[in-house]
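K.L.:
If you want the building blocks of each chain, they are given just below.
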Amino acid sequence: MTIPFEILLIEDNEGDVEMTRRAFRDIQPACNLSVVNDGAEALDFLNKQKNFDGAPTPSLMLLDLNMPRMGGLEFLENVKTDAALKVVPVVMFTSSQSPGDIRNCYDHHASAYVVKPFSGKEFTKALQDIVHFWTSLGQLPQVV
Amino acid sequence: MAQALRAEDFFQAQMRQASGQEVTPNILIVDDRKENLLATEKVLRPLYANIFKAASGNEALSLLLRHRFAVVLLDVQMPEMDGFETAMLMQEHESMHGVPIIFVTAISKEEKYASQAAEIGAVDYIFKPINPDILKSKVKVYLDIYMQHEQIMKLNAVLQQSNEELERFAYICSHDMQEPVRMMNSYAGLLEEQSANVLDAESRKYLHQIISNAQRMQKMIQDILTFSRVGREEIKAERVDVNDIAREVLAEFEDVIKKTGAHIHYNDLPVLQTSPTLMRVLLQNLVGNALKFQDGRQPPEITVSAERVENGWRFAVRDNGIGIDPRFHDRIFTIFQRLHRKEDYPGTGIGLSTCRKFIRLCGGDIWFESAPGQGATFFFNLPQGASHDDTL
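These protein sequences, in sequence, are chains A and B. 1 is the number of the first residue of the first sequence in the working numbering; add one for each residue after it. 1001 is the number of the first residue of the second sequence in the working numbering; add one for each residue after it.
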């Protein structure tokens, strides 16, 4: 594929956003990373409304769980009942290891659940592995 | 100490509050003869209680739907439905669970009636003609018991609520505290990696301090999370082969076992109906401690065994480590209590308290036998219901 993969990161923590951007500098194949800070903003992005006129449709989303305004679960509820958006895989990327949270996310049709690793190195490696899986091993749906 | 006192004050205040909101207890008198009802009511009136009167078993049963009673006085000889039959039907009501029934009867004082009444669940018996003093003092005893019970139930509810709040607090704290610690560790790590050649030895040492402390804090938070999860999450029992759990736990300690040349023995551990998480938490902590608390002069020798006891199983984890002074027998299971400096034996002081909390929730207990320098054996028992097939 020649067009870069479009990835949407939904994350409120500055530090994580920065580390994710940093990781994506080196990730192959090259991806176009967009960042929004909560679920409500993500819905605007996906619907290309408010400030997101002309925003790309992502092939994959990375979603945090605890965020202000609209958290990960509520966002999943919205996106997984939307006929057009529900095909886009959502990978949970969160620090929670609670069995309840894990279960809830899969209950809400998350495609995968990855716990943010504790060290910066492992964090980068995790993102590399996620991108590698979805772009090289797994098949992503065509989105318009 | 100051905190312990405050907790006690809190407890006392709750006690006073709980007993302050007293509700007047209800007494139910069932007799088919109006004059008997009135006579009994007159005797009991000085007792601080609401008195309800029913002229038949059916009337009594319909009162049960609307009221909770502290004690029931039931005439045995009544037309249609006699006292025994009424009592049996009453017992089917949930609100009658544990409510004492006193049979009032004029019929013969023969043994067989007494035992029939006892079978139905009567706790007491009064013969006609009624001696007012005896009737009054008997009923008073049951009212007192009822009031005490109510008070305990109220206090329990208060305690349960504050416990739940505490658990929730611990969980949320730990959960939200993980974020900043992870950030500190990640960024200090990135700095170490990226700027190692720009920094002098001292600065690198400082960076290392940040990282190792962040990691220690992360470990503590994780342990607090585990501790607070015990009791919050439902404990599910399933068929557990403890040998499998032991194998998994040993695999986790593979590095330490190799490094120290430890020998860990276990065989013929039972297959039980229990929570696999419980067994994992206990074996992880006890085997982990047995490996850790060693003086390094000889390789650790650890034996995990289980034996059938009267009402379940008793497990033992024995080691040849540094041992524990028995005077620490209680402190060692208290959260955040540590007997060693972290430089000597690192740890968070949460592991054994998690073990105790978990095993007690499952109806068991944990204790140890040891002396300094002579190793330690930690025991825990796990009750197993007779209905379970323990040896599957």
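One or more hints might be untrue.
As the list claims (entries may be wrong) - Below, a list of computed lysine-lysine pairs in the DSS-like style, where the Cα atoms sit at most 27 angstroms apart: (1) Lys-1053(B) / Lys-125(A); (2) Lys-1053(B) / Lys-1034(B); (3) Lys-125(A) / Lys-1205(B); (4) Lys-1154(B) / Lys-1219(B); (5) Lys-121(A) / Lys-80(A); (6) Lys-121(A) / Lys-1259(B); (7) Lys-1034(B) / Lys-121(A).
Said to hold, decoys possible - Negatives, chain A to chain B, calculated, CB over 12 angstroms: (8) Asp-16; (9) Arg-22; (10) Leu-65; (11) Asn-66; (12) His-108; (13) Ser-111; (14) Lys-116; (15) Phe-118; (16) Gly-138.
It is worth saying that the hints were derived from the structure and are not from the lab. All values reported here derive from a predicted model rather than from experimental measurement. Positions of the beta carbon are idealized from the N, C-alpha and C atoms, including for glycine.
K.L.:
Hints first: check each against the structure and report whether it holds.
P.N.:
Here's how the hints hold up against the structure:
The straight-line distance between the Cα atoms of Lys-1053(B) and Lys-125(A) is roughly 78 angstroms, outside the 27 angstroms bound, and the hint therefore fails. Of the pairs offered as hints, the one joining Lys-1053(B) and Lys-1034(B) holds, with about 9 angstroms between alpha carbons and a cut-off of 27 angstroms not exceeded. Between the alpha carbons of Lys-125(A) and Lys-1205(B) the distance comes to roughly 26 angstroms, so the proposed pair stays at or under 27 angstroms and holds. A hinted pair counts as satisfied when its Cα atoms are at most 27 angstroms apart, and Lys-1154(B) with Lys-1219(B) does not qualify at roughly 38 angstroms.
Between Lys-121(A) and Lys-80(A), the direct Cα distance comes to roughly 32 angstroms. Violation of the 27 angstroms bound is thereby established for this hinted pair. Of the supplied pair hints, the one linking Lys-121(A) and Lys-1259(B) holds, its CA atoms being roughly 26 angstroms apart against a limit of 27 angstroms. At roughly 87 angstroms between alpha-carbon atoms, Lys-1034(B) and Lys-121(A) are farther apart than 27 angstroms, so this suggested pair is violated. Once the 12 angstroms rule is applied to beta carbons, Asp-16(A) is inconsistent with being away from chain B; the minimum gap is 8 angstroms.
In this structure Arg-22(A) is not separated from chain B by more than 12 angstroms, as the shortest Cβ-Cβ distance comes to only about 8 angstroms. Chain B draws Leu-65(A) into its interface by the beta-carbon criterion, the shortest separation being 10 angstroms against a cut-off of 12 angstroms. Consistency note on Asn-66(A): stated as away from chain B, yet its beta-carbon is not over 12 angstroms from all of that chain's, at 8 angstroms minimum. The claim that His-108(A) is not at the interface with chain B holds, since no C-beta of that chain comes within 12 angstroms of its own (minimum 19 angstroms).
At roughly 23 angstroms, the least C-beta separation between Ser-111(A) and chain B is larger than 12 angstroms, which holds for a residue marked as non-interface. Distance check on Lys-116(A): its Cβ comes as close as 7 angstroms (rounded) to a Cβ of chain B, failing to clear the 12 angstroms threshold; non-interface status is violated. Separation of Phe-118(A) from chain B is inadequate, the least Cβ-Cβ distance of about 6 angstroms not exceeding the 12 angstroms criterion. Against chain B, the non-interface label of Gly-138(A) holds: every CB pair exceeds 12 angstroms, the least being about 27 angstroms.
Figure legend: structure checked against the earlier numbered hints; hints not met, in rising order: 1, 4, 5, 7, 8, 9, 10, 11, 14, 15.
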